[in-house]
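Use the sequences and the hints to build the structure in full.
Quick note, the sequences are listed as chains A and B, same order. Counted from 1, the first sequence has number 129 at position 130 by numbering that gives the first Met the number 0; the numbering is strictly sequential. Counted from 1, the second sequence has number 546 at position 547 by numbering that gives the first Met the number 0; the numbering is strictly sequential.
In case anyone wonders, no lab produced these hints; they're calculated from the structure. These numbers come from a predicted model, not from an experiment. Heads up, some of the hints might be wrong.
DSSO-like cross-link-like pairs, simulated, lysine-lysine; straight-line CA separation at most 27 Å [unchecked claim]:
id: 1; chain 1: B; residue 1: K128; chain 2: A; residue 2: K173
id: 2; chain 1: B; residue 1: K481; chain 2: B; residue 2: K585
id: 3; chain 1: A; residue 1: K197; chain 2: B; residue 2: K128
id: 4; chain 1: B; residue 1: K400; chain 2: B; residue 2: K465
id: 5; chain 1: B; residue 1: K443; chain 2: B; residue 2: K378
id: 6; chain 1: B; residue 1: K320; chain 2: B; residue 2: K333
id: 7; chain 1: B; residue 1: K448; chain 2: B; residue 2: K465
id: 8; chain 1: B; residue 1: K448; chain 2: B; residue 2: K422
id: 9; chain 1: A; residue 1: K172; chain 2: B; residue 2: K128
Non-contacting residues of chain A with respect to chain B, defined by C-beta distances greater than 10 Å in every case (computed) [stated by the list, open to error]:
id: 10; residue: R25
id: 11; residue: N34
id: 12; residue: P82
id: 13; residue: Q149
id: 14; residue: V155
id: 15; residue: V178
id: 16; residue: S179
id: 17; residue: G184
id: 18; residue: L187
We put the CB at the ideal spot given by N, CA and C, even for glycine.
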Amino acid sequence: MNQRYLFIWGVIFWGGACQSLAGDIRLSIRDQNNNPLINTVIKLIPENHKVKLLPDSQIIDQINKEYVPQVIVVIKGGAVSFPNKDNIKHHVYSFSEAKQFELPLYEGTPATPVAFDQEGVVVLGCNIHDWMRGYIYVSDSPYTVITDEQGKAELVGLPDDTYQVEIWHPQLKKDIDAVSYSIIGEQLINVEHLVEIKPTVKIRRPQGRRSRRYN
Amino acid sequence: MSFRFRRFQTRLLFFLILLLLSLQLAIYISVRSANIENAKIEINNSLHVGAEVFDRIIYERTQNLFQYARLLSADYAFKPAFHSGDHPTILSAMENHLARLDGAQIMMLVDLDSIVIANTANASQHGLKVAWPDLIRQAEQDEYAEATAIVMIEGYPFQIIVVPYFSPDISAWVMIGFAIDQTVARDIKSIIQSEISFASQALFGDGLEDGWRITASTYTESSFSESDKPESNDSLDKKLVEFVKFHAPENNKISASLDIGDDQLISLVQPIDNDGRVYAVLQRSLNQALTPYLRLQNTLQIIFWLALFGSAVIVVFIARKVTQPVKDLTVGAKEIESGNYNARIDINLKDEVGDLATSFNSMARGLQEKERVRNLLGKVVSTEIAEELLSKDIELGGEEKQATILFSDIRSFTSICEGYSAKQILSMLNVYLTAMSEAIEVNKGVIDKYIGDAIMALFGTPVSDKQDANHAVSAAMLMSEKLHDANANISLEQVPFQMGIGINTGQVVAGNMGSPSRLNYTVIGDAVNLASRLEGLTKFYGVEVIASESTKEQASDWLFQELDWVKVKGKAKPIRIYRPICRCDKLDQKSEQLIGDSSHLLTLYRERKWDRAVETLKRLEQLDQSNFIQIYLDRIKQFQHTPPPQDWDYSFRFDTK
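Below, the structure written as structure tokens:
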């Protein structure tokens with residue numbers, strides 16, 4: 000793997016002040032331009048203890064011809080429903096290996112949510128709106144978070160163990176090698192990662208009707 | 000100029016043609032060079048426009064590919080096929096798409112690692128690395144992840160585009176390409192009306208021989224006229240290749256020209272790819288561009304010939320108009336030169352030539368007048384006097400000079416005239432005078448005047464050749480001879496003429512005498528009188544001609560018989576008188592004896608030897624038919640009776656005229 004594209008600055012602060020029985024990890028992800036990187040998925044896989052997966056139900060709305068939220072994490076076995084909040088139909092599909100499905104043109108909320116039984120990234124598209132893009136990160140670890148607009152995410156109450164950290168982003172340029180962190184007792188680990196992302200490829204989408212008419 | 004024109008018309012024609020030719024040449028050269036220059040500029044401009052059109056067409060076609068590729072990349076129906084991972088299915092689906100697309104020859108799908116998923120042009124490339132990874136690199140830099148470039152496929156240039164294949168994220172690259180080939184060239188030619196050729200550089204890597212070649216060209220067999228035709232299209236290709244190779248290193252748009260036969264192809268060489276391996280050559284034939292000008296040139300030529308012909312006709316007409324009077328004048332002048340003073344020319348012109356003609360006619364009239372006067376003068380006076388009179392201003396007065404004067408007279412003319420009418424007399428006289436005058440003129444004498452039957456003739460004036468005396472004696476002897484001839488031929492009713500001639504040489508005054516309005520050229524002086532007196536003595540001595548001593552001295556060609564020593568009336572000094580006998584070179588025995596005996600006689604006579612003188616006279620009787628012998632016999636008889644005085648000067652006095 001070409002290390003040139005991978006920068007991981009791990010700065011771990013050991014703080015004994017924390018009163019909890021387990022450790023916390025605070026993550027801060029930035030891109031190569033040092034901008035906070037939203038929608039970065041961070042998955043911690045404990046090396047020594049088994050975790051019980053509790054599948055949940057998630058929702059990805061379709062609002063104003065966009066998937067909202069754009070990136071979600073679903074625990075393996077969980078299900079996602081795709082309510083269409085627009086006044087037009089959408090055709091949700093995925094050809095991803097983790098889950099291939101399609102919800103042909105529909106309005107409102109489909110009767111059955113879509114179940115995701117295989118870990119991996121499922122890329123959502125809309126057959127009639129090229130730009131609509133949604134990502135479902137099907138995770139086999141409950142310790143999976145998504146960064147907010149500040150590029151920050153937090154995992155609290157982690158049992159003592161050594162965790163492999165996997166980082167994914169829709170625009171990730173190259174797969175990032177997993178790194179490990181060990182958590183012993185009450186401690187807070189602040190992790191900062193620099194993730195190199197690809198530039199956004201623009202997708203042509205119709206302009207507002209007014210402006211289109213006169214263009 | 001080393002040659003001369005013999006005719007004015009030719010000269011005028013020559014200069015006119017020279018002028019027209021140089022004018023035409025100047026027009027031809029300036030129009031031609033302006034046209035060629037203009038045509039080149041026009042062609043160049045149109046080639047530049049053509050190049051832009053060419054760029055635009057390629058751009059539009061490329062954009063069309065992009066449009067279609069975008070549709071494909073978002074085509075939902077294709078996605079299951081793509082995700083099936085089944086190469087034949089994917090290839091077949093792509094071939095299906097390619098078939099929908101007019102004007103594209105190749106479609107490829109390449110994965111994100113630049114490995115060929117499917118290639119409609121070459122199915123076997125499946126799984127191999129794509130030939131143009133740089134194109135994908137280039138696309139990755141683009142905000143829409145799109146790129147285009149000209150690439151070489153099997154040595155032929157292709158315009159290839161690449162767009163991302165969304166499924167729904169970028170899952171692969173779609174590449175579509177069209178060949179920049181003959182069809183493109185033809186399409187472009189139909190729009191820009193210029194010939195277009197593509198030259199490409201094949202590299203070893205393309206599986207072809209290294210080097211440049213023409214991959215497409217709109218030139219056909221019929222692109223060139225017979226004269227400009229290259230030996231074959233191959234040789235044109237070679238020329239084009241050399242041409243491109245020459246300009247290729249500049250890797251820029253180059254205007255240049257290529258010579259093919261007599262034609263010049265104005266060219267624009269333009270690289271159309273980024274690597275400088277594909278060039279478009281836009282060309283237009285200069286000759287074809289000049290075709291309208293050639294028509295103009297033909298028109299100009301026709302106008303030139305018409306102008307030349309018209310001008311020649313006009314020139315000939317003008318030249319005739321100008322030269323005809325000159326010719327007439329020349330003919331008139333030649334007439335006058337040959338003595339025909341009646342010549343006149345009739346030119347009815349009001350210009351300079353007309354003036355000249357008028358002057359010429361006046362001159363001819365003047366000459367005619369003068370000639371008439373001269374002729375008349377020659378008849379009235381002798382030719383020499385006429386010449387003398389005409390040669391200088393006529394004025395009164397004369398000059399003293401030596402001359403010989405001859406007087407002749409018909410003896411007893413008055414008695415001869417009796418019984419004849421005046422008209423008959425005049426007729427006879429004219430015959431006589433004509434004969435005598437001829438004799439005088441033949442001997443360079445000048446008739447001074449006729450005085451009735453008498454003639455006064457001058458020798459040595461107005462012109463002299465120093466032989467005046469000889470001429471005068473010759474004239475007298477010829478007159479005598481002619482008279483004898485005339486007398487021998489006269490009819491019985493007519494009386495034979497006898498005449499006397501007196502000749503004297505001496506100083507005279509010669510000149511015009513009379514009044515300013517009426518004058519004569521004549522001579523006066525003692526010498527004239529003496530000649531007249533001598534004529535008067537001829538009857539007495541019974542001889543026809545008597546010359547004075549001074550004449551005898553000068554007439555060296557002649558031999559004389561001395562007649563006497565006389566004192567004429569009005570003269571105190573005695574003079575010797577002589578009778579001319581013959582020319583020195585015609586002396587015969589009889590004449591010699593006559594001259595010798597006469598001389599002897601006179602010697603004896605003057606020595607008063609009368610008896611011996613009489614004897615001599617007796618001898619002379621046979622030789623001399625004149626009164627000479629009788630005169631001396633009478634004198635001797637008288638002197639024998641009355642001897643002459645002591646101071647005898649041997650002279651004989653005449654008291655009559």
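Verification of the hints:
1. B/K128 with A/K173: holds (20 Å)
2. B/K481 with B/K585: holds (19 Å)
3. A/K197 with B/K128: This hinted pair holds, its Cα atoms lying about 23 Å apart.
4. B/K400 with B/K465: holds (12 Å)
5. B/K443 with B/K378: holds (16 Å)
6. B/K320 with B/K333: With a Cα-Cα distance of about 20 Å, the restraint between B/K320 and B/K333 holds, given a limit of 27 Å.
7. B/K448 with B/K465: holds (22 Å)
8. B/K448 with B/K422: Cα-Cα ~21 Å, so holds.
9. A/K172 with B/K128: holds (21 Å)
10. R25: holds (30 Å)
11. N34: holds (18 Å)
12. P82: About 19 Å separates A/P82 from the closest Cβ of chain B, which puts it past 10 Å; holds.
13. Q149: holds (25 Å)
14. V155: holds (32 Å)
15. V178: holds (25 Å)
16. S179: holds (29 Å)
17. G184: holds (42 Å)
18. L187: holds (36 Å)
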